[in-house]
Amino acid sequence: MFKGILKEQTIQVGIGFVFIVVLLGTFILPEWMSNNFMYGLSRGLAVLGLMILWRTNLVSFGHALYYGFGAYAVAMAQKYLGVTDVFLRVIIAIAAAGLLGFVLGFILRRYREIFFAMLSLAFSMVLYGLLAKAEFLGSTDGMSISPSTMFGFELGRFGLFYFIGFVVILSLIFAHAYLRSSLGHLTTAIMDNEIRVEYLGYSVEKAIHIKYVISACLAGGAGGLMAAALGQVDPDSMVLWSVSGELVFVTIMAGLGNILAPFVGAIFFEFIRTYAYEFAPQAWQMIIGGTLLAIIFFLPGGLWSLFQKINPFKKEKK
Amino acid sequence: MATTEILKTTNLQKSFSGIIAAEDINISVKEGEIIGIIGANGAGKTVFVNMITGYLKPTSGSIEFNGKNITGIKPREATHIGVCRSFQVSQVFMSMTVKQNLMIAMSLSKKSGSALLDPIDDDILSKQCDKILKQYNIMKQKDLVVSTLSQGMRKLLDIAMAVVGNPKILLLDEPTSGVSVEEKFGIMDIVISALKESGTTVLFVEHDMEIVERYVDRVMAFYQGQIICDAPPKQALKDKKVIQYVLG
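Line by line, the protein sequences are chains A and B. Numbered per my numbering, the first sequence spans residues 1 to 318. Numbered per my numbering, the second sequence spans residues 1 to 248.
The reader is advised that the hints may include incorrect statements.
DMTMM-like, lysine to aspartate or glutamate: derived pairs with alpha carbons at most 25 Å apart [stated by the list, open to error]:
hint: 1; chain 1: A; residue 1: Lys3; chain 2: B; residue 2: Asp123
hint: 2; chain 1: B; residue 1: Lys74; chain 2: A; residue 2: Glu113
hint: 3; chain 1: B; residue 1: Lys184; chain 2: B; residue 2: Glu213
hint: 4; chain 1: B; residue 1: Lys57; chain 2: A; residue 2: Glu278
No lab work stands behind these hints, which were simulated from the structure alone.
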């Protein structure tokens with residue numbers, strides 16, 4: 001699966017991109033700007049998950065379900081098991097979201113288009129309702145997350161940033177290995193023609209289920225990292241429909257052209273939101289909406305299409 | 001010609017909300033035979049093909065393949081046991097290139113389990129793929145996106161994708177429909193010679209009687225969901241019922 005993957009251009013560029021972002025965030029930029037990079041990298045994982053689904057023409061309006069589930073899994077592991085180790089936190093977040101995705105996948109794999117989108121949203125709102133009512137999980141106030149540790153030592157902000165970069169690189173490698181495989185190529189094949197895929201002897205529902213679980217794991221991992229970075233989880237900032245909307249927003253803005261696009265898009269989104277809120281606190285959503293409109297009209301392939309026009313890697317789509 | 005029975009249907013019937021689309025279909029196909037299925041539009045030819053290949057579940061009756069009951073199996077299960085098909089309207093991956101289409105078909109038929117997670121760009125598969133592209137005369141178009149191809153080329157690709165899994169029986173639904181007159185015989189020459197070479201049993205639905213006469217061992221004529229004639233082509237095309245209800 002991973003044979004020769006480090007020689008692939010996409011992965012080499014991806015590793016370089018993450019190194020630059022982490023170096024900028026830890027040594028050069030001020031903290032407020034550095035946070036945008038850190039949150040962007042984390043959220044980019046969830047957007048990568050959405051992108052993998054989107055390439056099969058499946059748009060989830062409720063991916064905050066897994067994002068929030070991963071974040072709350074970290075909070076619960078801390079509360080009930082005392083887990084603060086950053087490796088364990090991410091593994092727990094990914095496993096919890098993956099398990100939930102596996103179970104719900106049996107239902108969702110049978111639906112397409114708007115039904116898939118709205119059913120995803122419905123599931124996320126069920127989780128939101130449960131979390132908002134669950135007093136043992138902090139209800140609408142949520143729960144605070146203590147600083148992450150690694151091998152018993154407190155990680156600190158820089159350490160967490162490096163760790164997020166490491167997780168992003170691993171995720172890029174995994175996503176690229178998946179997308180270049182026979183199973184990954186079914187992503188586009190299913191979008192083009194489900195009947196033919198079935199007659200080639202492979203179950204479309206199974207392929208979608210696998211894709212859905214991968215997507216859920218990525219979103220869960222993103223939630224776990226965001227919980228560790230923010231030090232707080234609550235239903236409104238982790239599971240509410242608007243969080244799912246933001247993930248869809250960033251996916252459209254980033255484009256589906258490359259596995260790096262979600263991270264570029266997510267970082268861009270963090271900056272746009274920060275500046276919009278700074279300069280127009282009463283109308284920041286209008287600026288974000290205007291940005292999306294401009295991208296749809298002038299860059300229909302998303303921000304990544306701009307890179308494809310100006311950079312030498314435009315031929316590769318993985 | 002081999003004499004082993006490969007496909008048998010008994011009292012096969014399909015109805016949609018009380019409307020009968022196929023009724024009392026009893027056939028026996030021997031290994032290596034090439035059979036032409038003819039009939040006017042709505043005669044039940046495609047319904048028959050759809051039932052054999054698992055696209056439609058029969059209302060009653062049974063289908064046996066190599067002595068095993070396969071009635072109501074799923075399309076992918078049909079493919080696994082060696083019952084493959086092409087379509088009236090080519091079912092290919094339009095946004096991909098010809099070679100990508102064939103590589104996906106190849107890898108799904110040759111790999112299983114964790115091997116499906118290996119990179120699709122495999123040298124051995126690629127060489128096998130090139131061999132089929134040459135055999136079906138679509139090598140020159142291998143890097144073209146399918147949506148830019150002619151109907152004839154798409155039909156060839158559709159059939160090539162169906163044969164990569166080495167089917168024991170192949171059902172072709174109107175392989176020359178929508179194909180220009182100039183392309184028709186060329187396509188059938190390529191397809192039939194390739195299938196004869198591999199010993200594949202073929203059932204194909206066809207409206208062009210010249211093609212039926214030229215390529216098949218036996219003709220099955222459908223009318224109102226029933227088989228009204230099952231005979232060698234010279235005899236079938238002179239049959240009174242066939243002339244009245246099919247050839248018109």
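What are the numbers of the hints the structure violates, in ascending order?
Violated hint: only 4; rest satisfied.
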